[in-house]
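Number of protein chains: 2
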Amino acid sequence: MTAIHPVILCGGSGTRLWPVSRRAVPKPFLPLVGDETLFEQALSRVAGDDRFAAPMVVAGADHADLIRAQLGDLPGARLVIEPVARNTAPAIALAAALLPADAVMLVCPSDHHIADSAAFRAAALAAAALARDDYLVSFGIAADRPETGYGYLRRGEPLAGGFAIRQFVEKPDLARAKAYLATGEYSWNGGIFAFRAGHLLAELAAYRPAMAELVAEAVAGGASEGGCFHPAAAPFAAIAGDSIDYAVMENTARAAMVPADMGWSDIGNWAALADALTHQADADGNIVRAGAADLAECSGVFAMTDGPRISAVGLTDICIIVSGDEVLVTTRAGAQAVGKLPGATHQ
Amino acid sequence: MTAIHPVILCGGSGTRLWPVSRRAVPKPFLPLVGDETLFEQALSRVAGDDRFAAPMVVAGADHADLIRAQLGDLPGARLVIEPVARNTAPAIALAAALLPADAVMLVCPSDHHIADSAAFRAAALAAAALARDDYLVSFGIAADRPETGYGYLRRGEPLAGGFAIRQFVEKPDLARAKAYLATGEYSWNGGIFAFRAGHLLAELAAYRPAMAELVAEAVAGGASEGGCFHPAAAPFAAIAGDSIDYAVMENTARAAMVPADMGWSDIGNWAALADALTHQADADGNIVRAGAADLAECSGVFAMTDGPRISAVGLTDICIIVSGDEVLVTTRAGAQAVGKLPGATHQ
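Residue numbers (my numbering), protein chains in the order written: chain A, 1 to 347; chain B, 1 to 347.
Isolated chain A, as found in the complex (with noise of 0.2 Å):
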């Protein structure tokens, strides 16, 4: 059996997370949870088993040197440079046309956090197997709240080792998030994926002909240097940019899905990073992530500051983020509003 090959997305921007997440370093190359960045963790997840090959990573120039920072001597990474970011499909096809056509590709957001790293790696080892079988094969993440941030997926009939997918669903509203808790039959779609890459491949040509077309050609006219790959700019950029969801997974007949309960969070803002980090809470629920902070008569605080001292009284559950030369104070429900705030939208 062949190792597994993770292929690592290191595309957004992470504007939820602002003042720390900026973007000249942005989200996935930041400390969040515990002492390594979100991406250094995404590397780590697969490292030092051979059941899995050396990560490929496919990013933006804007970070290249961030990730190599990070990445460190890590035998056999390649590095892809998007010339301009098209969102998700032509980034995995990217690196699924510089992979041989039989190889298992495992795609992997570099900016979730994944408490249970045995449990995503068994859950990788059956969405391998599947996909050898080809089949397109997503996680389908544990719900464990009716979370209407994400989009969902309908629990089909069982195949070995996961299910077939029976439906797509995006962002729900809470009637529905809760409905589908309910029932069991839904799985959050976290966006990892497992593919044989020649049949991603084909199943792209398939329904994106065009996008194929130009993948194809930005990797053939594109250049090699020193483990990091350029693909020819122009095709590239003229590819209308979709995600792996719309261009491929709810076109294909051979969508999969297998089950993963594995503590994951896509830490989307700051309230679901203080969520990542319950275990660190005081008695009173507060957090202190970072820095000094002195909360009086406080519950359910976060609080980060990467240098003046924080001090709080009265407050209930509230974010206090001070980074460099912002100060964001947000209750945990308008956390998902922290990127539309002037601050974050203007960098």
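Some clues are possibly wrong.
Identical copies carry no separate label here, and so any pair may be met within one copy or between two of them.
Claimed, not checked - 25 Å max Cα-Cα, derived SDA-like pairs, lysine to any residue:
1. K340 to Q70
2. K171 to V25
3. K340 to A118
4. K340 to T316
5. K340 to A283
6. K340 to E213
It should be emphasised that the hints constitute simulated quantities derived from the structure, not laboratory data. Model, not experiment: these values are computed from the prediction.
With chain A held as given, fit chain B onto it using these hints.
Chain B alone, transformed into the frame defined by chain A:
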């Protein structure tokens, strides 16, 4: 009719307005309301009106330079430097001993805000008239809410321009404060007084003979230097400190009050400052006192920063203060507890 002598007391550390009010530059010397500092406002309130003499300022040595800078070239102003802080009774007695016995002194804290200066001056004239008749006169501040943070004065028999004081009441609980407000007989004790200097000293000698004696020694042994008087340190330090209320007002048979409805606030904490600035609030009741703040889905937020931008989402009735290397976030209800935070107590 001789002029009234304003005596401005610069005690009080203002720790509940930390982190803007700090040991080095405490509350009276900060421009909290408007462009002038509270101390400058206390001077302005009686300036340019020949019914008032030049002010005498009583303060600690730590703040002499600040006071000189803020006094500017005010003609005739005098500064009395307390060797140590001994509460209000010794400070007022020092001033009384340095004034002619027949001078009427108007004792004013330096860290209050009074929106209506004309009403203040009218009350001062009424108080001075009673003081010339050897009443010891307190301003009875019109109470507009059941405040539990102040002492109250209960009105007795009418006098010319005021009332005898029937009772001094310590800070009440909320139920009693509500009852006081309902009767209409009670005013707040705002710490503003008028005395004939010689009479105040005579009353002090009756009720606190040791204090009166030590003050007299401190004045007799003191030294003047360029408009600045330094009492002798040893006798002044030997005084057992006490407030003018305890030492004299609650003992005298001639306590009087003048009603004063003048937009008074002691700016006792951040919530009180926000209240004093209500006229600057936007349609959602948010006030940005200084610096830049982006407030989304917020109401009743008070924001003030000396540099970093403040961004906030979803907050209700919260004060956010950024000053130097400190960030304070408090509910309005919790503002009273700010002075007990480690940052405020360990400066």
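Hint check results:
1. In the homo-oligomer, the alpha carbons of K340 and Q70 never lie at most 25 Å apart, since the shortest distance is 29 Å inside one protomer and 43 Å across protomers.
2. Neither within a single protomer nor between protomers do K171 and V25 lie at most 25 Å apart by alpha-carbon distance, with minima of 28 Å and 54 Å respectively.
3. Within a single copy, K340 and A118 get their C-alpha atoms no closer than 36 Å, and across copies no closer than 47 Å, so neither meets the 25 Å cut-off.
4. Taking the shortest alpha-carbon separations for K340 and T316, both the intra-copy value of 23 Å and the inter-copy value of 19 Å come in at or below 25 Å.
5. In this assembly of identical chains, the alpha carbons of K340 and A283 lie at most 25 Å apart only when taken from different copies (21 Å versus 33 Å within one copy).
6. Proximity of K340 to E213 under the C-alpha cut-off of 25 Å is found in neither arrangement, the shortest distances being 36 Å within a copy and 68 Å between copies.
Checked against the numbered hints given earlier, the structure breaks hints 1, 2, 3 and 6 and satisfies all the rest.
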